[in-house]
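K.L.:
The lines below spell out each chain.
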Amino acid sequence: MKPFQFISATNPGDAVARLTKNPEAAFLGGGTNLLDLMKEHVSLPNEIIDIGNLSLKEIKATATGFHLGALAKNTETANHPLIRKHLPLLSKAILAGASAQIRNMATNGGNLLQRTRCSYFYDISMPCNKRVPGSGCAALEGFNRMHAIFGWSEQCVAVYPSDMAIALSALNATVKVKTSVAERLIPFKDFHLLPGNHPEKDNSLAHGELITGIEIPNNSLAAHSAYVKVRDRNSYAFALVSVAAGLSLNGNLIQSAHLAMGGVAHKPWRALQAEDFLKGKPATIANFTKAAELEMASAKALPNNRFKIEMGRKTLINALQLAFKG
Amino acid sequence: MENSTKSIGKGIDRIDGILKITGKATYATDYPAKNMAYAVLFKSTIAAGQITKIDSTEAEKYPGVIKVITHENAPRLNTKGGLRGGALLQGPEIIFHGQHIGIVVAETFEQATAAAHLIKVEYNQKAEKTNFEKLAETPTMPKGKELADQVRGAGKSAMKTAEVTVEELYETPIEHHHPMEPHATMAMWEGDKLTLYNGSQIINGAQTAAAATLNMKPEQVRIISPFIGGGFGSKGGQWANLVLTAVAAKMVNRPVKLALTRQQMFNSVGLRQRNMQKLSIGATKEGKLVALAHEIISHTAINDEYIEPCGDCTKIMYDVPNSLITYRVVPMNIILPTYTRGPGKSTGSFALESAMDELAYKLKMDPIELRIKNEPPKDPSNGKPWSSRTTVKCLQEGAKAFGWDKRKAEPGTNKIGDDLIGYGVACGTYPARQRDSSAIIKLTLKNKVVHAKVEIAASDLGTGTNTILAQTAADGLGLPVNQITVKLGDSDLPPAAGSVGSVGASSFANAVNDACIKITDELLAKSGKQFFVRPTAAQLMISESFTDFQTRSDSKAPAEAEKYSAHSFNANFAEVRVNSITGMVKVTRFLAVTGAGKILNPKTARSQIIGGNVWGIGMALTEESVIDPRYGNFATRSFADYHVPTNLDIGNLDAMFINEEDLIPNKMGVKGIGEVGIVGVAAAVANAVFNATGKRVRSLPITPDKLL
Amino acid sequence: MKQNKTQLTPEEHRLFGDLMPEELEEVIQSGFNRRHFVKLMGLASAGLLASYALGAEQLFARAVETDEIPDLIPNAIENGVNVTFKVNSSSKSILIDSRMTLLDTLRERIGLTGSKKGCDHGQCGACTVIVDGHRVLSCLTLAATCQGKSVITIEGLAKENELNPMQAAFLKHDGFQCGFCTPGQICSAVALMKEAKEGQASFATTHISADAKPILLSDEEIAERMSGNICRCGAYPNIVAAIKEAQTGKNVPQNWLFTD
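Residue numbers (our numbering), protein chains in the order written: chain A, 1 to 326; chain B, 1 to 708; chain C, 1 to 260.
Derived by calculation from the structure, the hints in this document are not laboratory data. Here the structure is a predicted model, which is why all the values come from computation and not from measurement. In this text, a Cβ means the ideal position worked out from N, Cα and C, and glycines have one as well. Among the hints, erroneous ones may be present.
[To be verified] Cβ-Cβ distance ranges computed for the label pairs, FRET-style: (1) C/161 to A/63: 37 to 45 angstroms; (2) C/86 to A/181: 39 to 47 angstroms; (3) A/133 to B/124: 22 to 30 angstroms; (4) C/214 to B/405: 38 to 46 angstroms; (5) B/133 to C/150: 50 to 58 angstroms; (6) B/144 to C/150: 53 to 61 angstroms.
Could you put the whole structure together from the sequences, leaning on the hints where they help?
P.N.:
Written out as structure tokens, the structure is:
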């Protein structure tokens, strides 16, 4: 690791002020991704501001839904009685990710800031526009089996690796951010970015901003939700494709469908075309299939990941069926 | 001392287990040393060419840095000293991506690591040979004599005479050993004597290779390796890091610790090469084999040749009059391939035993019946009689225990919910051999209690050597196990074979057993008395009040063994559950039935067998290293990309042993189990996947995308 | 550098108790030699380690935990951070380089080498320790963040002469081969017992919305929850059996079959 000053922040204001002062500083939450990246010399902060002791750990019900403290651990979140009862989709998605040890360390805010696991991004001897803008994308014509089928650009074909965020996307979460002057709310769909010409930017946070919490609106999906993850081994592996599905039903009629996909894009991929199609339609296999086909029609495969289109289609249908069954 | 019950054959707990479960077992980097310095390696970022400039100015100025070592200031070493893979910092040539090009030694690991990132290297790059598919179109003959074309009868041309044929291409990817302990060494010099703490499957091999490379005498080098955090072949031959640690320690005149990172493990300590295997079987309608051909293309390194013998199982498994085995190779800019668990047999049996399953399906015959029908009465490769062969027994007993009769012959017809269930079977084999080994037994008597110390430069990489040697000595001397101390893992001890190629247990246990017989004979002679019933060594020590006595035995394989073909055999039974939507596979049940002669300790033997099974399941379902041919680097470069099976990937595994006494290969009747446990496993799983889904996957691993 | 300032456990004291006091001091200061060993051959003391004669010689080969941690030379530390935390039963105060992980601090500075470095990137679990009751990866934990925390390592699980039941179960069920991943597996499994008692859910849990209550773990639940600990030797079924036995307190049979 590159040498760095280590400082413990005493309160959120202090943390934001310190980070704002130093463009090369970084917050340290659970550290499960940051330390990994620092050891690989991908992340090179010269100052680490430990925010682990800040009191942003509360998980609670609010007037409009639920609040997740940014520094609550993934394990606490997945196991919180409120979350298990009212947002089982979120619990399930969190528990699909990483390992028990990592979930015990990783924070909710940190989870949203995970960087891609593209091996060319991690290998500093390789070109990578995300790591070194303008150096090229080694994955575009390289080993891109794990990579994107939606929304990629010639600059970057990496995927975003989180499971938790796929559920948060389906649940219409909002990210609460503290800046040096105020607080702002970022709708989940605007939080993560597609690569475009600036793959170095994963999300819409500005330097100096601190995630303080995640807000999830009340919903009626608890009884009809599912998280399906397809991966190369049965546990402790990133998704080839994952789907978070929630259905708001009136009898057999779909009032609204909430669908997000992981492992397919640079951000949680909200399956809006499928959602639009399903709205107001009966929950049948035929409709699920049609919706999945509509969504996957716009997918564009890379040389090594053509299978993801069929896998995505099947997984969407599967998740919808499981969600419907409850 | 009463010794009514034998220890051999009992499933006692590992005698070194207590140290492992309390964190007290000492691996290479666990030893303290005064004034230790830390070394890290840095590596080439091209696959072929020359270093034109290494600028280490900034690194040398970095706080705590003691020395930067490159080919420009490294001492000249003997590159033919027996280390594998080269990369000894002897010149500017680069022959593979990730070749060691230098070492940074610093006060701390953190400083050495940070400083290594400050080194600037310039290269003159050459076109690299890294595209296996392309190179495989024009392969060459291997140099090794044992890899020459092997033709029996009319060879492959007899395929024409067959009524039913299977001709398919089977592919296995590059795999990495990835023992949990990355290769690491701690080197300490005292004058011209060198001590190397280093996990070594062959203690004396590591000693002689290190000494020869450093232009020293073997007796000047001591290897200490009481515990090894896994090896699986990668710690059999030793690699550059062993000697480079010694070089660093010499140059900074301090003890030095050097551990490879997990990422560096991909291109530092060998790998299992990628294989393309064309398997052709011809048979009569009744299922009698008439022709068998196994044509293999694989790769090796630019600077050396290692090719795993994929055709070995094919040579001996079935009774067929006409056969052909050929090896072709392409040299590539890649680290030298090396022995990897079940070398050749594990990958070769995937091709052979998959093809047998395909043939059985074409014949509409049960795959067990097909195998039994083609059982060879003697070794078809050399005409020697079997010392014993248990294939049929393994198949029959296994079928009974596993519930083979519940298998549905027609694929894709056994469905529970979204899951497809399938059964598969496949056989395997591995040679049984004994290698030269010596052992010393030291007996002491104190307060009327006899203790024995067994000394042998054997190794225990989790195989249970400590325990089986204590059991062997206990029975050989007439003592309970807890009065035996086993000392191994140190080159100062009597020389021994290694824990490689399944020769460990037979070589070490026979050496200890011979020493027990010898010491008893010598004590008898010393007593000058006659006994009606031969007393044990322990009884003699007590009755004659001998306080100290020791002897050494040097053991060899019996000459008679040469006249026979001696092998361990197995039959593997797999049950898989395939999710018909996601394509994810889980091996829910697995049974390995093994005929491996005398089982010294069934508890540790079972662990070794199921460990081999887990390796085979990894080969079948999850493990693959991918080279990006544009750069020659591994695109899979960490444990996040290289999928070793997790606990959840493994279902119920059972091990069954055939109770057999075969004293031909060696006096103890031990055949070895470390390697055979993986042989046939991948094929059993792939055959089960076919039975479940109707999809025949001939290119491993069987990841979900291949079953969509 | 490290002094072997005595850290003998009571059990080790018992085992080596027959040595003369000055010999014991010699052993502690400079390690174990043949003369000591021969002496110990005569011992028949009961106890944890005595029945494993092999253990005796190894005990003194290992790094020894030190109470007073010697400072490194000033040049060896950049961005020094003073940190005080509890390791097993004792409090440690130490000046470290800000980059130092908890794993390297335990191994290289404190002399507790039981926790292992298998990947250094949170992908294998060999470095698992228990911090404030939770299993975490010491390789992804900066030691500087451990101020005031309590760390339990493999060395801290056995009490006096008694193994933690999880350790005993691993031994009985042969839940390891090479032993390198074992400290992490056992720490992970010990923490898992608490998680099960609290009714924590896993991805294998079917009714996630149900109220949390103590769980008797199925084989599949154990396997999923232990999947963060890679075992390359493939001892997984034995690990599952050991954990099952430790959780239920009931004998889980060990199966190896023979046939004629």
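K.L.:
When the structure is checked against the list of hints, which entries are broken? Sort them ascending.
P.N.:
Hint check: 1 fails alone, others pass.
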